[in-house]
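Chains R and F supply the protein sequences, listed in that same order.
At position 85 of the first sequence (counting the first as 1) the number is 85 in this note's numbering, and the numbers step up by one without a gap.
At position 96 of the second sequence (counting the first as 1) the number is 96 in this note's numbering, and the numbers step up by one without a gap.
Certain hints may be false.
Intra- or inter-copy, both count: the list cannot distinguish identical chains.
[Said to hold, decoys possible] Listed below are the simulated DSS-like cross-link pairs for lysine-lysine, each with C-alpha atoms no more than 27 angstroms apart in a straight line:
#, residue 1, residue 2
1, Lys30, Lys112
2, Lys74, Lys63
3, Lys128, Lys112
4, Lys63, Lys112
Keep in mind the hints are simulated off the structure, nothing from the lab.
2 protein chains.
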Amino acid sequence: MDVYINLDFESNEPIYTQLMHQIIAGIAKKELKPGDALPSVRSLAADIGINLHTVNKAYQQLKQEGFILIHRQKGVVINPDGVPQADDQYMNNLTSTLHPIIAESICRGLSKEQVLQLTGELYENFTKKEGGDK
Amino acid sequence: MDVYINLDFESNEPIYTQLMHQIIAGIAKKELKPGDALPSVRSLAADIGINLHTVNKAYQQLKQEGFILIHRQKGVVINPDGVPQADDQYMNNLTSTLHPIIAESICRGLSKEQVLQLTGELYENFTKKEGGDK
Chain R
1 MDVYINLDFE
11 SNEPIYTQLM
21 HQIIAGIAKK
31 ELKPGDALPS
41 VRSLAADIGI
51 NLHTVNKAYQ
61 QLKQEGFILI
71 HRQKGVVINP
81 DGVPQADDQY
91 MNNLTSTLHP
101 IIAESICRGL
111 SKEQVLQLTG
121 ELYENFTKKE
131 GGDK
Chain F
1 MDVYINLDFE
11 SNEPIYTQLM
21 HQIIAGIAKK
31 ELKPGDALPS
41 VRSLAADIGI
51 NLHTVNKAYQ
61 QLKQEGFILI
71 HRQKGVVINP
81 DGVPQADDQY
91 MNNLTSTLHP
101 IIAESICRGL
111 SKEQVLQLTG
121 ELYENFTKKE
131 GGDK
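Please take these sequences and the hints and turn them into a complete structure.
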């Protein structure tokens, strides 16, 4: 796997969601492409020194959301058909997720331009082509 | 309180965070202004038919994040000094929160323009002046 998994054990964010987010970020950056193999639950758990159940929970949820397939024989792969594209349900969920975040940013005095700037930069960080070194 | 609290008991989102988000949304929309009184824990719990502890949990977290003050005598009020404005820690948290959301939106095929459009519309929905009859 080309994705460097970097967990923060001090964070309030559960380890399994950190793991999910890093795999999703890998897909967004195209470091992980459709059909790419991921390590087995057992091997990833051993590599990063976390519980089997934690990796399993992350994989099961990634599977449920269409990011990966788990074959009994072929192992774990990034969804070969690509991640299911945005539908109405996804857009509704995204709106519900962003709603309180935007509300708080307004309470804390951020302008619309500041929010759009940050959002745009985050988007571009995933999609820009990396330069030569790194 | 001028804010209509509308809880979804079928949602996966815990009731106390729903309550927090609606109060934060009320502040963002300026329906709740600095110094405005909120119902007591007991009275809000009775009004919306939820557990005292659920309201208390929401209020305690809102207090901790600077949205409200809880006076033993004066009761619960929206922070009279206004909500603490964005600092470096808030900006870091906001970035960490948005990061996986933007990653997923890219995986699901949303363009940067679509993400910025949605974000901008959400922002404007909080800040636009309501027309005459709601």
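Hints versus structure:
1. For a Cα distance limit of 27 angstroms, the shortest separation of Lys30 from Lys112 across copies, 16 angstroms, qualifies, whereas the shortest one inside one copy, 29 angstroms, does not.
2. With identical chains, the CA atoms of Lys74 and Lys63 are at most 27 angstroms apart within one copy only, with a shortest distance of 15 angstroms there and 51 angstroms across copies.
3. Proximity of Lys128 to Lys112 under the C-alpha cut-off of 27 angstroms is found in both arrangements, the shortest distances being 24 angstroms within a copy and 12 angstroms between copies.
4. In the homo-oligomer, the alpha carbons of Lys63 and Lys112 lie at most 27 angstroms apart only across protomers (25 angstroms), although the nearest pairing inside one protomer, at 35 angstroms, exceeds that limit.
The structure shown violates none of the earlier numbered hints.
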